[in-house]
Amino acid sequence: MIFIILSNDSIHASVFNFKSSLRIIAMVVSADIWKSFLSETGDIARFTGRFFTEFPRPRYEFGEFLRQAFYIGYKSLPLVAITAFIMGLVITIQSRPTLVEFGAEAWLPKMVSISLIREIAPVITALICAGKIGSGIGAELGSMKVTEQIDAMEVSGTNPYKYLVVTRVMATTLTIPILAVLADTVSLYGGFLGANIRGVVSWDLFWNQVFDTLVFGDVLPSILKTFFFGFAIGIIGCYKGYNSNKGTEGVGRSANSAVVISSLLVFVIDLIAVQITDLLQLN
Amino acid sequence: MANETFRNIRLGAFVIIGTVFLIAALYLIGNKQNLFGNTFRISAKFYNVGGLMAGNNVRFAGIDVGTVERVEIVNDSSVNVVMVIEKDIQSFIKKNAIASVGTDGLMGNRLININSARNHAESVEEGDELQTLRPIEQDEMVRTLNETNENMKAITSNLRTITDRINSKNTMWSLLMDTVIADNVKAAIVSVKIASNSSAVLTGNLKSISEDIRNGKGSLGALITDTTLSGKIRQIIVKLDGVSDTAAFITGDFSRISKRLEQGQGSVGVLLKDTSFIHHLNTSINNINKGTIILNEDLEALRHSWPFKKYFKKKKK
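Line by line, the protein sequences are chains A and B. So the first sequence is residues 1 to 283, counted in the working numbering. So the second sequence is residues 284 to 600, counted in the working numbering.
These are computed hints drawn from the structure, not numbers from a lab. Fair warning: there could be bad hints in the mix.
[As the list claims (entries may be wrong)] Derived SDA-like pairs: lysine to any residue, alpha-carbon spacing no greater than 20 Å straight-line:
#: 1; chain 1: B; residue 1: Lys-315; chain 2: A; residue 2: Leu-282
#: 2; chain 1: A; residue 1: Lys-75; chain 2: B; residue 2: Ile-292
#: 3; chain 1: A; residue 1: Lys-110; chain 2: B; residue 2: Thr-386
#: 4; chain 1: B; residue 1: Lys-315; chain 2: A; residue 2: Leu-220
#: 5; chain 1: A; residue 1: Lys-110; chain 2: B; residue 2: Leu-305
#: 6; chain 1: A; residue 1: Lys-110; chain 2: B; residue 2: Ile-346
#: 7; chain 1: A; residue 1: Lys-75; chain 2: B; residue 2: Asn-291
#: 8; chain 1: A; residue 1: Lys-75; chain 2: B; residue 2: Ala-285
Model the full assembly from the supplied sequences, consistent with the hints where possible.
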């Protein structure tokens with residue numbers, strides 16, 4: 001009997017110890033996570049603030065900006081266009097059976113155009129760019145950092161931030177909206193083809209219905225938010241590359257985390273944009 | 284350098300194409316909302332707009348011709364709707380046109396329908412106010428539907444009672460399942476059909492007969508329509524009247540004669556009534572018969588006598 005009581009006490013004691021240790025570990029871990037998260041957020045905010053202080057000041061690296069715009073925008077066009085086309089096609093094909101079930105097949109162009117223009121095309125474009133451009137910028141600046149090219153630029157009197165970061169962030173901010181507009185167009189064309197795979201919708205009727213449905217409140221907020229997507233992708237890619245360390249391993253890690261964080265930021269910005277659009281009753 | 288120029292050209296094309304697509308899209312959307320081009324404004328006051336809002340379409344004769352610019356409350360029972368309409372349509376919309384709040388399809392957006400009135404009127408001008416129809420409210424429809432449901436409930440309840448009663452007794456089912464009755468009914472229907480056909484033919488015949496009679500065809504027609512014949516008939520009737528008088532007179536005579544005969548008066552009366560006379564007459568006839576037989580025998584004997592034998596032989600030859 002005594003043995004049982006003792007053993008019960010020991011069980012209680014061990015359970016208590018396990019719980020308390022878990023709590024302590026959780027506190028330590030969460031504290032570390034919070035600490036690193038807040039620290040990184042602060043660093044990114046400072047890095048972003050520096051962009052706004054460096055951006056208006058001469059000397060303007062216009063040539064480098066054009067070069068970056070070409071590689072970031074123009075070179076991404078095929079990938080974005082193919083993805084947008086497939087998305088338009090797939091969304092239309094997937095939506096059709098449900099609409100047919102309700103006898104609302106005629107609403108297919110309307111529904112597809114709203115989905116593509118408001119949400120799918122801009123977000124897909126931003127995610128593609130986050131993967132392609134964010135990782136590219138992160139890896140490029142990271143390798144420049146670990147090979148001390150950025151330090152060399154500073155020594156030679158060139159402002160590396162202005163030359164490397166401002167040009168790239170400006171390029172992403174300005175070219176991703178253009179990519180999004182082109183993605184909208186291509187995805188709607190994909191939607192037209194998707195609508196004609198099973199059904200018959202004439203070219204005129206499709207575009208009439210599309211523009212009959214769309215209003216400025218659909219197009220302008222979706223284009224406006226792509227500027228923020230582009231800025232976030234550029235700034236995160238540059239930040240991760242600019243602050244890369246630990247050699248070549250750090251380059252890969254910078255590229256990877258640039259993609260992850262910029263993709264996450266795309267969704268966060270999208271959420272905020274939707275909330276603002278809804279609050280202002282723009283659509 | 285040349286490479287950089289070519290790169291810049293491609294970048295420029297990329298930017299221009301993207302911008303053109305954006306501007307084209309914005310222009311098309313704006314055009315749909317009548318932001319570009321010539322427009323004019325008209326208004327209409329409604330009791331209830333049923334969720335209509337700025338940007339909804341305005342249709343004239345089923346065609347999108349404009350949009351709702353704003354919806355504003357005037358007072359507790361009036362909502363003013365200002366519409367922007369394409370200038371090209373102005374000549375077609377008359378001052379007596381009627382505006383109503385409708386829906387695009389079953390589940391679509393609210394819209395304003397403008398329909399022309401039958402009477403002639405002048406075209407609308409900037410700022411004119413159209414007449415309106417009170418829109419059908421969904422609550423009212425639901426109330427009506429509710430009433431219909433109540434009625435349906437009562438009807439189905441009655442139907443249920445009827446079917447229960449039918450099911451509770453086999454008489455109705457046996458009546459319904461009996462093929463002989465069905466055959467009889469079918470035969471009866473056929474007979475009725477034949478009879479109706481016959482009656483139709485009969486009616487037709489009667490009709491043609493009556494028409495013939497009316498037209499004076501046939502004996503009956505002539506009888507009814509021929510005035511000379513009626514004169515003749517009248518004469519015949521007069522003659523018949525005379526004949527009947529004569530017959531009555533003759534009948535009186537016969538009556539008297541028969542009475543006298545009955546009383547045995549006159550020769551015939553005696554002949555009919557006097558039994559002794561009859562007896563005498565019978566006796567006389569018998570005597571005559573006997574005398575005739577004897578006379579025949581005498582004559583036969585005379586034929587065979589020699590003075591007359593020669594004569595009869597000669598006559599026989």
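Hint by hint, here is what the structure shows:
1. B:Lys-315 <-> A:Leu-282: This hinted pair holds, its Cα atoms lying about 17 Å apart.
2. A:Lys-75 <-> B:Ile-292: The hint holds at about 13 Å.
3. A:Lys-110 <-> B:Thr-386: Roughly 17 Å between the alpha carbons, so the hint for Lys-110 (chain A) and Thr-386 (chain B) holds.
4. B:Lys-315 <-> A:Leu-220: holds (16 Å)
5. A:Lys-110 <-> B:Leu-305: holds (19 Å)
6. A:Lys-110 <-> B:Ile-346: Since the Cα atoms of Lys-110 (chain A) and Ile-346 (chain B) sit roughly 18 Å apart, the hinted pair holds (cutoff 20 Å).
7. A:Lys-75 <-> B:Asn-291: holds (12 Å)
8. A:Lys-75 <-> B:Ala-285: holds (18 Å)
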